[in-house]
Every structure is written in structure tokens, then in C-alpha cells.
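A.B. asks: Residues per chain, in single letters:
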Amino acid sequence: MDFNHTEEQTALADSVARFGERDYDWDSRRKLARSPEGYSPANWATFAELGWFGAGLSEEEGGFGGGPEGTAILFEGFGRMLLLEPVMAHAVLALQALAGLPGNERRTDLVEQAVMGDPVMALAHDEAEGWGLVSWVGTRAGQAGGAWRLTGGKIRVPGGQAAGQFLVSARLSGSIDDTDGIGLFLVDGEAAGLTRKGYRMVDNHLVADLALDGVEGELLAQGPDALAALTRATHHGIAAACAEMLGAMDAALWQTRDYLLTRKQFGTTLNNFQALQHRMADMLIEVELSRSMLFQALAAMAGPEGERDRALAAAKVAISNSGIFVTRNAIQLHGGIGMTEELMVGHFYKRVWVLASLLGNADHHLDQFMDHTPIEPVPADIAALG
Amino acid sequence: MDFTPNPADEAFRQEVRSFLQANLPADIARHGKRDSHSARADIERVMKMLNSRGWSAPHWPKENGGTDWSPRQKFIYLEEMRRARVPVLDRTAIDLVGPVICHFANDAQKQHFLPQILNGDCFWGQGFSEPNSGSDLASLTTSARREGDHYIVNGQKIWTSEAQRADWIFALVRTDPAAKPQRGISFLLIDLRSPGVEVRPIWSIDEVLTLNETFFDNVKVPVENLVGEENMGWTYAKKLLQFERTSSAEIPHIKRDVIQLKHLAATTMRRGRPLAEYPPFAKRIAELEIKVMALEWSVLRVLHAEEGDPSLNAVASVLKVRGSELFSDVSDLAAMAMGAHGTAVIPDTEGPHNMRPELDAPPVTDPEAVGAPQRAMFRKAATIYGGANEVQRNIIAKGVLGL
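In order, the protein sequences belong to chains A and B. In terms of our numbering, the first sequence opens at residue 1 and continues consecutively. In terms of our numbering, the second sequence opens at residue 1 and continues consecutively.
So that you can see chain A by itself, here it is in the shape it has in the complex:
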């Protein structure tokens, strides 16, 4: 076990940090948030050149030799700069779903295309009443005239406005929460019968609700294969969200530290007040524990299924709660200025607010954690002692 970055991981972390410093200062980011696309297509091309889209895939899978650790490094950096580009939608949710499909030529082509970054892809999976349950799929798929036709609705699709292609989950058989009977389809962004209702979240990320009315789709996988792909996408998405929340809360903590050292009240700088010092200490504790939580989740992703599910659920619960605590207190310790749209600190809170809700909120994941954590009498070998 080694908590330090490898050479490749250090290089990746450095490249994200450099991009943040040079190309993603707060003023540029604010302008992007007000642009029609809500992000920069030029940045998008840069990310493809930097190899970021393939950073979370092994070479055998068509990536650049990373894994969830690579994804985590990227997204911790994104959290610090409050990146708007739909990288999670494209390179985590959609690409990891593709990489989770059974191996064939079609998968290889699609993975290659996604790693290149064009067109932007998005995973359209969540539905209004699913609340994070991966098997909750009410959109129906049926065959008509030799083609698959999808009908139903998807909610809050990340990257849903930028996407040129969608991966859409739809049910071939069974009831709405059956783990079996799900299909995963490739749908063109301009397909007939597809309506996007675009909107903006509080963190300035653009998303869309989709209405599908007999939309033609290409079946990529069905049954256990489709569920496995969706599960993989969700797991990598949770890891990315946790890493991004960690980056955001850490940046919020240190920006607040800097502010306390300069802001004067009652004739002295705020850092001299013990009530504020102790709040900051509690915030730092939450940041450090969140980093540990992220590590245990990354460690479990290569492990057995039950342990992996439990570890990811625990991480989403803990890091969401810590992230909200840290970023709302970052606003609090700034006082009124922290409430302004102009200052960055409030935007950390807004991003964490969204990430805490994506891919199953803390309640959902606490429930999942409890499903994987039996409450039992002491093990027999302990009972046998004395």
C-alpha cells in the first residue's frame, strides 16, 4: 500500500494544477459560466490533447494507464478550480459505461472516440423517482421496424446540453426496479423524438431533462452486461464526485484561512479569535478525514463487489456531509462578503451541494451502506474466548 503519487500520477496532478493556474482563473471561469455553452470548447480540445479523458482507463481498456486513482487526481484539481466543462458526464459516466461493456470492436471504437473527446457524450440514466438506485429504469425499449425505439424520460442529465451522443438506459423487460431486463443504448443527439429541456444548476453546470418518444437507439448491451456497465459508470462517478468535493472543500478551507489573516474587526485580524480558530480546526479535520475516505474508496474499487459497494457508499455519505460542513462554514467565516456571487468561496458550497446530490445522495448511500453492513453477535472465535 502506498499513499504517495507515482511519477505518472504526479505528472497528471501537475498538469491539472498548471491548467488551473494559467487558464482557469476565477475571472475566466465567471465569464465561461455566462457563455451560451456554459463551458469552453477550446478547453475541451486541450483536455483531449492532454490525455485527460483517458486518464481513468487502463491501456488494455483503451486509456492511458490510469484507473480510479487517475480520475480522482483530475477531479480533485477540478474541484479546486470549479471546472465547468462536462468532463464527469463524458469521461467518467459515459466512458466508464462504455469501458464496462463486453469487449468487441464496437466498444473499442466508441472508447477510442470518447477518449478523443468528439463528440461530447453523456449518460442519460437517472429518472425522476430513482433517487440514486442504479436499477431504477422506467424508460421502455421495444423493437419496431427492425430498430429499437425508446420511450420515457430522463432527469438532470449531466452534460445533457453539450452532448452530441447519449448513452441511454431503457428497460426491455421487468418492473421498474428489476436488476435484470435493462438495456443500454447509443442515441444520437439529434435523433427524432428526442426533446431536451435544458436548465442550469446552482453551480452553473448545464444539464437537461430528456423526453424520449419512440427515439431510435443502437443496443450496446442488455441484462447483466448493461447493469454492469451502468454500475461501473456510477462507481467511477461516485469516486470522481468525492474527489471533486475534496478539492473544493480544501480550496475553500485555505481561501478562508487567507481571508481570516487579513480581515480586521474589533481592532485585530480575525485569525486571533478562538471561536473562529476552532471552527477552522474542525473544518480541517473534516478535510483530512475526507481525504482518508477517498483513499479507502479507491482502494476498495479493485476489491470484491460487496466491499467495493460498501466503501463507495461510505465515502459518498462522509464526504458529502464533510463537504457541506466545510463549504458552508467557509461562507460563514467570510461573513457578508461570502454571500456575494462575485466571490469564489460561495461557489464551492454550490458545487458541493450539487455533487452531494448527484449519483445518490447521502441518505441513499447510508441506506446502501447499511445493506452491506450486518449487525451481528460477536464472531464465534471471540465468543469462544473466556
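No lab work stands behind these hints: they were computed from the structure. Only a predicted model underlies this, so the values are computations on that prediction, with no experimental measurement involved. Each hint should be verified, as a subset may be incorrect.
[Claimed, not checked] Some chain B residues judged to face chain A by a derived CB distance under 7 Å, without partners named:
1) 262
2) 265
3) 286
[As the list claims (entries may be wrong)] Non-contacting residues of chain A with respect to chain B, defined by C-beta distances greater than 10 Å in every case (computed):
4) 3
5) 186
6) 257
7) 309
8) 311
[To be verified] What follows is a set of in silico ranges between Cβ atoms, one per label pair, in the way DEER data are often shown:
9) 261(A) - 146(B): 30 to 36 Å
10) 2(B) - 211(A): 41 to 47 Å
11) 136(B) - 337(A): 33 to 39 Å
12) 146(A) - 272(B): 55 to 61 Å
13) 304(B) - 146(A): 53 to 59 Å
14) 266(A) - 360(B): 23 to 29 Å
Using N, Cα and C, we set each Cβ at its ideal position, and we do this for glycine too.
Once you've looked at the hints, dock chain B against the given chain A.
C.D. replies: Just chain B, lined up with the frame of chain A:
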């Protein structure tokens, strides 16, 4: 980042587990399940059992009777000790004074004291706090005045944990009243049988006796009982905290307590069903377990960090704050999991001391349950001792955040 587990660690865990299963006497394991304060007689027997294997103090340097295990192995050893319900040993000796002797004492002192500690023949009390020097420890006033071959010690220590069963006490004493507070302090080893020493019991709110106050009235201490150099005691005491940066997180003990908590929740009935099936209580357990996971991985990060890594400076304080909170919380939940009887005074009839042993107790017989209510009371000390959590927050604010 590479989180591939080391298979040798798992083999090591099995080795420790098998040793304890084969060698831990049943009566001691039963006492350990109660997890009341340990009896000296039990500790003596456990230390001899461990010493026969060379495992009395694995985290000491190997040349002093410790081991060359990896940090991870030392942690696994502690996990298995707690999991097997081995009673808490003489931590004052093994974790506090022992490492100081290993690192700063002379050869004669090492040869005299260390083998006795390893074999459970010499028990120790700790003399840090004074009535007017708690969180502000450097203001201590117990004095040691040099007279020929002796120091003459005068003053009063308080919260001298386990002094009632100890043979010796280590004390921070002021040897230079003119120096700055931290500069004039020395680290002295004092035989509790010396004339002029008086140990008075202080019963704690769990009605058990581990806290004491210890008075020194012109106590003659031979100069050869000074550790290291005169006036360097504060430095040694600070170093002491770094030897065992992770221990205040109490993860091995908390993990043991979580097993016990779940046992109690699974075996206590509520309206015809195990309490474990009652969602509000099950949720409390889950939330606690998630916090324990985060803390455990924080400990692992420290164990795998390289010595001298600046990120370690404040981590001891982070671990102490959250560890002591969870140490207290888990004991509360265990008592709550007993239902009505979780509010009862249940004297440990096989334990070393009970304040009012004459009173009746409810018919609680599961040894995992007997000690739970008292422990919930005593664990309120966790957020105070070892540097109160408010002091730890000061350290984090200044030392890490630069506030």
C-alpha cells in the same frame, strides 16, 4: 497511490490471532470482554505470556526488547489484542515511560527498568498534571531541588492514572525555577515507596478507581533516577507524543467496541425483534462505523507516511480529536443498546475495585454487556486527557493553519 494490500500482513494477523487464541487464559478474556479497568494480577499474567514470545512492547526499539515489525504490523498486533479481549495493559509503562527510557535514559536505567516492564513486574503511574496545571502543563510547580546525590521533591500531582496499583511514577518536575516555563523541567523516575510519597484515591464518575492525586513531601530521589539531562524534560515529553502519534485515535479499541456494540444491538430485544432491526438505532451504528472508517484510514496514512513528512505535524491532533469523540460515542451507543439495563450501575464483581459493591445489580450476565454502562461514564474522560480537545484545536489552528 497504490492500494494493493500486502499478503504478508494478513499472514501476520493470523499468527497473532492464533497465538492469542492458544494462550490467553479464559478468565482473563472474560474480564477483557467486560472491559472494565484491568486488574494488576491479570496484566502481570498477560505480560508474562507476551514476554515469552517477545511481544510485550512491539513498538519499542528491537535492541530494548521491542520488535522490528513494520508500522502496519504493530498496528495489526494492537487490533488483534483488542479484538481478542486482552485487557488493557499498563499503558503508562509500555506507551509512556518505556519509550522515553528507551530513547533518552542511560544504559544502567535501561537495564534496570525495561526488563521489569516487559515482564509485568513493575507498574507505573504518570505524573504530568497538577491541580493548577492541566491544559497549561508547562506552568507546573512540583519542584526537585538538588542536594548532594539526591533531588528533594515537593509538590502535588493529580490525575496520576493508575498510581494506586503502581510501584513507580514518572514525573515532570521543575528543576530550574528561574528559567522559562518549558526550559526548567526535568523528567524524574520516583519510587512510590519512598518516604514522603502519599497516593490518595479519586473516584471517577464510573465509580472506579484509576485517578489519584500524589503528594510529594521532601521526597529524596537519587540523582541516578533523572532521565537524560536536567531541564530537558519538556523536550522528552513532547517527543513522547510523537512516538505514538496514532495511538490517541484508539482505532484498535474502537473497532473492538464496534463489534461489541453490534453484538449488543443484535442480542437485545425490542418489541419482539432484535434492536438491530430498529432503523433509528441501526442508522446510529452505521453513521458511527462510517466515521470510524475515515479515522482508521487516517491512521493508515500516518503509518505509511515517511518519518519527517511535514504533513504529519498536526495529524496527531486531528486523530486525537476525532478518536476521542468516537471513543466516547461508541461507549454511549453500547450502553444504549442494552436498553433499560444500560442505565444501571453494574459493579464488575471480578474487577479490581468498586466504590459501592454492596448494592444490588440487575441480572446482566453477558460479559460483553457487564462493563458497558460504567465504561460509557468513564469515556467522558477521553476528550479531556492527553491534551483536551480544545487544546488540540488550538494546535491545529496555529500549527497547521497558521492562524
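A.B. asks: Each of the hints needs a verdict: does it hold here or not?
C.D. replies: Do the hints match the structure? See the list:
1. Annotation: interface hint on residue 262(B) holds; nearest CB of chain A at approximately 5 Å, less than 7 Å.
2. The beta carbon of residue 265(B) comes within 5 Å of a beta carbon in chain A, closer than 7 Å, and the hint placing it at the interface holds.
3. Below 7 Å, beta-carbon pairs count as interface contacts, and residue 286(B) has one with chain A at about 5 Å; its hint therefore holds.
4. Not every beta carbon of chain B lies more than 10 Å from that of residue 3(A), the smallest distance being close to 5 Å; the non-interface claim is violated.
5. No Cβ of chain B comes within 10 Å of the Cβ of residue 186(A); the nearest lies about 33 Å off, and the non-interface call holds.
6. Residue-level check failed: residue 257(A) sits 5 Å from the nearest beta carbon of chain B, not beyond 10 Å.
7. Separation of residue 309(A) from chain B is adequate, the least Cβ-Cβ distance of about 14 Å exceeding the 10 Å criterion.
8. At roughly 8 Å, the least C-beta separation between residue 311(A) and chain B is not larger than 10 Å, which violates its mark as non-interface.
9. In this structure, residue 261(A) and residue 146(B) break the distance hint of 30 to 36 Å, their C-beta atoms being roughly 46 Å apart.
10. A beta carbon spacing of about 45 Å between residue 2(B) and residue 211(A) agrees with the range 41 to 47 Å that was offered as a hint.
11. Range check, residue 136(B) to residue 337(A): about 36 Å between beta-carbon atoms, so the 33 to 39 Å window is met.
12. Take residue 146(A) and residue 272(B): their Cβ atoms lie about 58 Å apart, and the range 55 to 61 Å holds.
13. At about 58 Å, the beta-carbon gap between residue 304(B) and residue 146(A) stays in the expected band of 53 to 59 Å.
14. Checking the proposed 23 to 29 Å range against residue 266(A) and residue 360(B) shows it is violated: the Cβ atoms sit about 58 Å from each other.
Going through the hint list in order, the structure does not satisfy hints 4, 6, 8, 9 and 14.
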